[in-house]
Each structure stands twice: as C-alpha cells, then as structure tokens.
Amino acid sequence: MLDERSAKALQQDPMQIYRNKWNQNHRSVSSKYDILGFISSGTYGRVYKAQSLETPTNLYAIKKFKPDKEGEVVTYTGLSQSAIREIALNREIDHENVVALKEVILEDKSIFMVFEYAEHDFLQIIHHHLQTVRTSISMSVLKSLIYQLLNGLVYLHSCHILHRDLKPANILITSDGVVKIGDLGLARLIYEPLQPLYAGDKVVVTIWYRAPELLLGAKHYTTAVDCWAVGCVMAELLSLRPIFKGEEAKLDSKKTMPFQRDQLLKIFEVLGTPDDWPGVVTMPEYYNMSRLDHFPDQLTQWCIQRVRKDALADVNDLLAKLFTYDPESRLTAKDALHHHWFQSGTKPTKNAFQTAPQKDLPPLRKVSQDDAPSMIPLLPNASHQGSRGGGGVPYVTGASGQSYSKPLSSVSFASLSGGGSYEGRQMDGSSKKKKAKLG
Amino acid sequence: MATDFWASSHFKRWIVDRATLNQARSEDLLYVDDPEYLEYLGIFFANVITKLGKKLQFRQRTIATATVFFRRFYLKNSYCETDPFIVIAACCYLAAKAEESPVHIKVVVSESRTLFSHTYGVKTFSSSDNSKLAEMEFYLVDDLECDLIVFHPYRTLLALCKKAPGEDNSSEEGEAEDEEVGVGIDDGPRYWGTGQGRLELTPAALQTAWSIINDTYRSNLCLLYPPHLIAVAAIYLTFILHPPIQPEHIEQPNIPQPRRSSRQASHGTAAAQAQAQSSQPKKPQDPISFLADLNLSLPLIATISQEIISLYTLWDNYKEDTSPDATKLARELTNSPSPTKASGSGGRASTGTTPAAASDDMTDAEGNFITPSFLTSVLIKMREVRFLEHARATGRPIAINKRLERAQAVG
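Heads up: the sequence lines are chains A and B, in that order.
Residue 439, in the UniProt record's numbering, is where the first sequence stops; the numbers in between run on with no holes.
Residue 411, in the UniProt record's numbering, is where the second sequence stops; the numbers in between run on with no holes.
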C-alpha cells in the first residue's frame, strides 16, 4: 500500500495529521492575553497578571505550570498530579467565594490556567495592618472575611472537596472585597476514594495550619482538617501573627515521617493538652504525644488579650469550636456559618471592605515587569526562582522575618497570589481603592 | 459535582446525541469498507483498554474513566488520523491520575509496549518512549477540554442495590467497590425511590449487574445517556437473568452459587438449607415496583436496555479469547432468557475466566468472527490510505521535522 518511506514516516510519527490540525486550531496565550507582569512563583511554576486582548478591562491571573524537568531540552514528561487535580476540580466548581477558572490553554509543553484576578489576599491584609496601619483588622472586616471564607468552604465540602492547604496566602480577595478561595493544587475529591487519602500525599497542609490529627499521623482524615485551618486563619487575622507558629520537623534520611513535636507543643501551649478526644489513643503518634509536658487550656486568655469585649464571647466560642481536638466533634464549615457571631452585632458584608477606612485598604498587588518576558519563550531563569526549601513563594518579609514552610509532599502548594513580594507595596498605594470603599 | 451530576461537566458538556456520534465518524467512514467495522473497532478498543487497565492493576472505575476519555477524544478526532493505541495508553495514564491512583509513566509505557506488540502486533512504543506518551497526554487533556471528572453507573448501582444479607463473602465481590475507604463521606439523603432503602440482590445478581455495566463501555452508551439511567437499565436486565425468586423456585438448587453452597456444606447441609429457606421468604421487596418507584422514564430505560442487547448481538460476532461470557450473556438476553443458565457463571465479562460450557458454545461455529487481528488490519489500512491522501494533498512527500515546524509556529 505505502511505499517504504511513507510507511516509515507513518510509523515514526503516527500522529502527524492530528498534530497539524491541532496546531492549526490552537489559539495561543499571546493571541488572547497581554501579560502585564509577573506576580509570584513557586514549585509549581509562575503566576502572571494579564489582561484580555478582547476586553482589556478584564484582568486575569495566569498560572503557568512549568514542565516537570527543566534541562536544556524541555521534553514532555507527563502532567503532574497536582496540575491534573487543580484543572479537574476547577472545571467542575462554580461559587462566588472560590476563584473561578476562565480557561486552560495547553501550549509549549506547559499548562496555562487562566483565573479571574484577585487584587488582594489574607496575608497581604495581615502584613498591611502589621506594618503600615499598625492596628488590628477591624472586627467588621474580619467578620466578613471569615464569613465569606466559610461560605466558600461550605461549597467545597458540599462538593466533597478537601482543600488541604488553607492559609492566608491562598485566600484571595478581589478589589470589591469578595473573598475567593484559591489554589486547589493540593485539593482532592474525597467521594469514594479508590485509595486511602494517605496513600497519595503523605503530608498535607502547611505546618502552622495543620490539624492535630494530621500532626499525630492519622491515615484517614476529613473535611475537619480544613475547619482547623480556618480557625488558624481567623486567629491570625485577629492577632496578625500565626497562632501556632511551630518549627516543622523535616524528613530524616530514611524518609520516615517525623514526629511534629514543636508544632504540637505550640498548639498545646494555647489550647492545652487534649483531654476530650477519645480517638487520640489510636493515633500513630499518641505515644510520642503522651510524653510531652502537660498544658492547661489558655484559649480564653488568648482571646481576652486580643479581642474587644463586645465580640469576645462569640469569637472565643467560635475559635474554641474550630479548635476542637476531636475531628468528629469539630465545628463543620456549615455549622460555623450559622454561628451566633455572624448573627450578632454588625452583620457580614458582601464587600468585606465596606466599612473599612481608606487607610486600612491594602495596596494593590505588586507585579514586576522584568520577569514578564519569560512568559512567552521557555523560562530560562525559572529554575532558580522560588524553589527554595521554604516553599518557593518568596514572601519572606524583611520586617516580620516570617517564612512559611510548606508541606513535605512534592505537590506544589503555593497560591495564585503567592503573596508576591512585599517590598515596595506601600508605594503603589491606594489609587484604585476608592471603588472598593464606596462599594 | 461529586454529588451533583446535573452541575457536572459530564452532564453539561459530554452527553451527546446520535447525530454528533455519526458526525464524529464521518471521516472514518470514507476509509472503511463496512460501516459496521467502526462499531467493532469500538468494542475492540474498549477491550484493549480493559486489558491494559488490568495489567496496570487498575480498579474498574479507573478503566471506565479511561474508556470514557477515549470515546470523548474520538468525538473530536478520527481513527484514521491518529494512532488509537497511543491514545489508549494516554487515556489509561491520565485516568489513573484523574482517579487519584497514579501510575508511573514508565510502567504505562512498558505495559503498553508489551501488550500492544505481543497481543496485537502493534509497535506503537518502541523503547522507553515516555515523551511520546506524555505528548499524547498533553493533546488528550486539551481535547477533553480539561474535563476529567467522570460519573459512572457503578455508583448508582451500589446506591440502589445491596447484597442480600446473610451472605457475607466479600471475596467474591471482585471489583465491587462498596467499601468506602476514608471517612467523612456523606452519602446524602436519597431523594428518589421509595425511601425504603436499597434493593436486595443476590451476590450473583449484583455481580451480573456490575458486569453488564462493564460491558456498556464497549458501546457509546456512556456518551449518550446519564450514568444513572445506564445503571437502572443494567438492573432491569439483571432481573431477566436473575428473576426475582418465586415460591416454587425455592427448592431448586441451581439458584445459589455453586461455590457458596459447597462452602456452606462444610457447616452442615441441613443447617445451611434451613438458613437459606428462612432467609428467602422474608424478602418483601418487589423489584418491579422498586424500578417503577424510581420515577425515571421507563421507556427510556427500555430503550437503553434494548441498546445494551444490541451491543451483545454485535459482540456475538466478535471473537476474542476473553469475551466468552459476554457472548453467553448475549445468547441469554437475545435468545433464551433462562434463569437456570444465567445463575451459573454470573457473566463476568472481563475477568478472563472461561467456563468450559461457554467455550463449547461458540468454538468453530461459523468461522467468520470479527477478530482483533482483522480489526487491526482494517485500522492500519484506513490510516495508510488517509496518510497517502494527506501527503498528496499537502503536495510534498512527508514533512520530516515536525518538531521544527511546531517550534516555528509557536515562536
């Protein structure tokens, strides 16, 4: 049928016709978007701010997953589990308080996920208040932020999605003050899993936000791990500092999971040693835990020092319920949404910044120009950007000296926002803030 | 999503009509002698996916997801313009990730290479061709429009039916994934049916329903109908093969499975019989009204059932070593729905165990079965002709360096 040369060509590249058609029909990122600047990078790749060429007022954050291996020649190495998850889950979900995926473009051996753009994130708010405003976040803003966060989380949990990496940097806020849960790179469906959750990812959730059952080595866990993280985030908004700022014990040479002693101690120092958690004795690390010093419950004192009187009782109660040790009795996101706090005093607002004075509004997200050109060709400098041990996202700030540590899993976790870099934030100021304020 | 099919990408974007299916094959029709071959190719490729999935130790749901990916891909593409074997490998590789049970790319390549070359003489993967597979995965994700979460009838089956109590042999469960690993699973309230709980099926009947669902992936049913309707059709057909037990049938020894009765014998035959007898009459469930109370369109269920039977009729002419049970099911559903025959093997189409009786049925029958090797040759011919036309149309022999071209196009 075929002459020898044709047969050989067909054998060598059996998908040639397909590939030609694909190339013809493909619309490239650069044909649809104008890259405005570089936002952040992480182990997963890089995030850019972009505007639609069709409708330039529409802003997007484009997350580019870098090809798995970056040698001299980039070859196809297979899409990462993390990318597959984030794509698959984002294609199914639709909620006001979860970052919306506009489209995915596959090109140049990389995945480009085009998300709606969010100007702020929780971490940025915290830093702004810590360093610039120098007061705590107003209670009405805080209440709205937490309410919307819970509202998004209720949705995710109703879809049987565990987020597994809630932390301030991953919770975004639009310029209209709407909270958007971002970064589903570590999230997964827990409906009828074919394998135990533990089998896929040995370590989930950034250490400071990691629930006690995870710290104690639980093989099975539930949506309650996200609710614990919400408690941590809420406490951090209240005090502008992580409430349980432990040191992560790293994997040893034998790759056995280490006992997270310091993180547990940080928790016990505030919440006391667990005494109302029947299942704790079945935890793999129970023996190690039982040898730690005994602590009393100090959460109420913690709250008294940080929360004004009128909200104290409610805030204390909500935190105590989110910080319930026993995951089975921990407050669910749905029940948290119905907590008395949200019904009393000022009600949560759709625009979280509605009542905030001008000076409290955080600055615009910083983008840098110099990295932007790398968007179009392959990234020559991506490998030394942000894959540092601290987790890639370069949001170590000079002032606070914080550096978050990441989950030990190889899966990327950093957020869309990633926190960016904070230097110079004050400069690009609040010109665009009026809208948010008036809204 | 996980709970709400109606809000899923599966429902919103991937349930298509017959016209779309026909359109999808229009290019292939130009290059094939008999349109029916395309139907057989559908069976053939699904079987290859199942075989590869078994080699990769996939759960049934992962195999099903891979098959759905494959069929969705060929809604947009033609067999003759692609290498379906590469696509199959990529579908398996991707489905494993989508179902959160990933397999290393090296393993997929090596298992695919062995299976394709040894069983079908197809040399798709030469050596450790990882990038070839990864490239295909890349295109596949694009053509799937990144919709990677797929609903399957298995879930509906297990939501609607359960094994009759008192017969706890989970070993025979096989692929039935009714053990929900992990906690925090909220089944949610059932808002259909009688609310009186699940329908009790004998283990053999449940296995038959499960196998029928497996078999539906040999056709385009998963693109045409929502999975819950396919599940109900499978339950309906199961009732034909395993009629609900009537009083006069109780004494017949051929209803329970041979394996179980032998096991019970060790405990004392009299006791076992007494137990069996006492357990039978306490079933007040009426399967007919159960189905009716599901409040689904029964004509639609009947249509789907009819299409499953048509699949079996078609499959009857297809011969592969591991499909005798399907043939048997086909015989029973199309010709003689006799419960005595049905209860024997429970029709496990994809296990590869071959009951002797079934083999006797079909060996040397007419000799004009459609076989994998025949279909492989059909496919090769289609692709060669298409390739020649393409080469002629583009006015140059064959582009040598596509990579270079792509780089230029992108740059």
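Check before you lean on any hint, since a few could be wrong.
Unchecked claim - Per the computed footprint, the stretches of chain B lying under chain A, defined by three or more beta-carbons under 8 Å from a beta-carbon of chain A, are:
#	segment
1	22-28
2	57-65
3	69-83
4	98-110
5	148-157
6	384-393
To be verified - One side only, chain B facing chain A, incomplete, derived with CB under 7 Å:
#	residue
7	E36
8	F138
9	D142
10	S297
What the hints assert, rightly or not - Distance windows between CB atoms, simulated:
#	chain 1	residue 1	chain 2	residue 2	range
11	B	D17	A	N25	19 to 27 Å
12	A	A249	B	S297	56 to 64 Å
13	B	P299	A	H338	39 to 47 Å
Just so you know, the hints here were simulated from the structure itself, not pulled from any lab data.
Idealized CB from N, CA, C, for every residue including glycine.
request  = Could you tell me which of the hints above the structure violates, numbers in ascending order?
outcome  = 1, 7, 10
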